[in-house]
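S.K.: Starting from the structure of chain U, add chains A and L where the hints point.
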Amino acid sequence: MIAWLDANLVSILNGVAFGLLLFTLAVGLSLIFGMMDVLNLSHGALYLVGAYAAYRVVGEAGGSLGAFLLALGVAGVLGLAAGALLAGITQPLARRGHLHQALLTLGVALVVADLLSALFGDEVHSVAAPAGLRGSVRVLGHGYPAYRLFVIGVGLVLAALVYLLVERSRAGAVIRATVADRDMVQAIGVDTRKVLVGVFAFGTLLATCGGVLGGPILGAQPGLDDTVLILGLVIVVIGGLGSVKGAFFGALLIGQIQVLGVTLLPEYASFLLFGTMALILTLRPAGLAGTAARTAAPGSSG
Amino acid sequence: MSAATGPLLEARGLRSGYRGSMVVDGIDLDVGEGGLVAILGRNGVGKTTLISTIMGLVRPYSGSVRLAGRELAGARPDAIARAGVGLVPQGRRVFAPLSVEENLRIAVRRGRAGRWTVERVYELLPQLAERRSHRGDQLSGGEQQMLAIGRALLGNPRLLLLDEPSDGLAPAAVRGVEQVITGLRAEGLAVLLVEQNLRVAFALADEIVVMQKGRIVHRSGTTEFRRSPDIARRFLGVA
Amino acid sequence: MGRQMRVGRLRPRWILALAGLAAATMTVAACGGSAVRGGGGGGGDQETVKLGVLLPLSGVYAPLGEDMQQGLRLYIDEHGGKLGGRRVELVTADEGEGPQTAVPAAKKLIQQDRVVAVTGVVSSAVALGVRDLFTESKIPLVISNAGADEITGEASSDYLWRTSFANTEPNAAFGPYVADQVKGGGVYVIAADYAAGKEAMGGFKETFEAAGGKVADERYTPFGETQDFQPYLNAIQRSGAEAVYCFYAGAEAVAFVKQYEEFGLADELPLYSAGFLTEGGALDAQGDAALGIRTSLNYAPDLDNPANERFRAAYQNRFEEEPTTYAVASYDAAAVLDQALTSIDGDVTGEQIAAALGEVGEVDSPRGTWRFSETHNPVQKYYLREVRKQGAGFTNATVRELEG
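Protein chains in written order, with the numbering used here: chain U, 21 to 322; chain A, -10 to 228; chain L, 133 to 536.
Since the hints were made in silico from the structure, they are not lab data. Bear in mind that the values here come from a model prediction, so they are computed numbers and not experimental data. Do not take every clue at face value.
Claimed, not checked - Subject to a maximum C-alpha distance of 25 Å in a straight line, what follows is the list of computed DMTMM-like cross-link-like pairs (lysine to aspartate or glutamate):
{"hint": "1", "chain 1": "U", "residue 1": "K214", "chain 2": "A", "residue 2": "D67"}
{"hint": "2", "chain 1": "L", "residue 1": "K521", "chain 2": "U", "residue 2": "E80"}
{"hint": "3", "chain 1": "U", "residue 1": "K265", "chain 2": "A", "residue 2": "D126"}
{"hint": "4", "chain 1": "L", "residue 1": "K240", "chain 2": "L", "residue 2": "D264"}
Chain U on its own, in the form it takes in the complex (with noise of 0.2 Å):
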């Protein structure tokens, strides 16, 4: 066991600095999906907007600290205006149904792909981690990348902010009121476009600043968008909608599976991700954190 666990160590950290990259992109995809009722196919391409971003900023070879919080900067701001823009253009569908609005932010994917691929060409791009997280520290004996060990320090922290935020504070409570009742939160004052604009915006920060935190590891290219949303799809799907715990473990998970289920069962790489999504379907179908019913029953007996 011991022996085990020593051989799998790195592959373990390492799913979970792929599991907590990886949350950073869902929890916005599940916020805004759940919460907001918008399946957002763009996300994936605001992913890649904040990759971008870091190469330019950054660069290839290697850049300051100060150059990739300048590039999150960046990220966080194109974030923003795009989410309200998606909120802008999507509201007016909201009666239409689900599909008009994916396939609206399919649209929106679309295009935003194709702006990157003709700003920054085809090739594939890297990016630099900053300066003094460049190279691997000694984790128990095992080389790691030390990038990677503040992937999972950023990440961690940005999940107990997430969930501090929607479980803990008012704006949170707001958002969660206005999903179980839009109507109610309106009659106590409310202005419900502001809750969807600023959660929309809010997802999208996550997405694009996941973009750039994951610039160093996955690089920027096309199609990484695609890799990305799907990911993040089936981490909202194996989680449930609009959990944030769901998404902390679903992420999690994905990332074991995508590394440590990779080591041991090579063979299987290509089925696993499905594979594992297939399983907790049939086991729990509203996902791991899934809830029955959000509203209370009306007037339950007293």
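M.R.: Just chains A and L now, with coordinates in the frame of chain U:
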């Protein structure tokens, strides 16, 4: 504003419904400052739709709704709430996944101090204070009703819309609701009450309005109404 | 397969429009040039030949397509917009990511645009998918990348020619060298799980084992969907191998090389591969992580021969980057078509070009001279290259020629 002389709520020629149907069909209705008007009527005559229309949750086809002289018809519900209308809806509609505390805190309007605070609501409704960390869907019907009232009060309304507050509650809980409403009236709050329970309506209202097929077919003072049981029999089918 | 999910793209249309525009200006420029010079070239009046170009303008292979277009354009422009004394009109069509886009595009080139020959093709699946179409239409296809052995093996045809390489070759050329370097230690063999990866590994193992090399273990990773190679790298570290031989290209090459360094393997186990691993844009993205990697390929920018000296200077001057093997193969495709067309008198047909290609002798290429084999594959040298710093960037520097 010319509100000083007119009634607090003034609805004129109000028509509304869902997808073109006419559920509220030309309503004129006044509620004076500090007054309590009870709307009676059988199921399906448009009482709740009228309340929803005043709140802005259903858009009126035509007509006007003024609060202290200010036109509200066609405004968004949140704007109407901020103008001074509070809603305690049919079925309470407390936010199930939120705790009692959260249900109240999100109703506090930021940047505008008013008479009502979460602490004052807990003073008025002590049973909520005991359950502040419970989820909305873990409360009894009576507690949910108190929560819905407290939530509406936190918007510091001038007019409270109360839709069937006694519905489905145990007699003791109904008396509790009555007491709270009586207390609020004493503070000068105007109330528009929809109620099926005649005893409750009679105990609280100073004016009774009867609706039938989307229109007001009778209105009178409560004492006058109680003195003519044939009216109740004719429109409500009760003695 | 995430990257194949894209439903439709706008960009190919823009590029097609631009390419069309570029072709038009080129023809105009050629006209002007010949007017000034008073109609040089051989064949009397100004004949025009229509040449089809089938390259990926969109999708994962687009960067290769760009290099290939550059090589082709450079050759034609260097020759006054003419091949074999005839003005050339290029008609470009999008190969996309596979036969589903490429086959209709090839049909259009042949049937609608009525080109006399086609060059390009990155994907082997496409090359094999259009083989019968070209053979039956009697239009020669001069392939300037697609490397499946079959194309110039069992599936060879009078109308299929190739100026690039067969997948096994750069790897087979490398086997004896790697065996000599590791001196009996095991080599871990890892490649992307698709036809080219399998062919490459087959080519390597055959000559490597024949030269006394030992394969420690062998692993194929899911093609196009592996972002994180750490689990595989972990397995390599635990295998006790003394070196690694891999086959990756494009995005996977970048991820593999970067992670190979990040997880500390670069310091312990030398990495060998066919040169696609560090070719072109991939090397820029790999940066420092690629330093010291030794690869085998038919071209390196610093090859010492007069043709390459001219070619490299012109290429750098015009496109502001180092030429790649992809650009050279396309440059040479234009060169062999030039030779073939020169030998034809009067009207040109696909059949005549195919026959004339068979008569093309030594090609004086930037990669050194080569000639077509019986099955239309280049008979060429392979070079040992090493990634070194060059100014602010990196380059594949020639170490020496590899003995076949």
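S.K.: Report the numbers of all earlier hints that the structure fails to satisfy, in ascending order.
M.R.: Nothing - there is no hint that the structure violates, so all of them hold.
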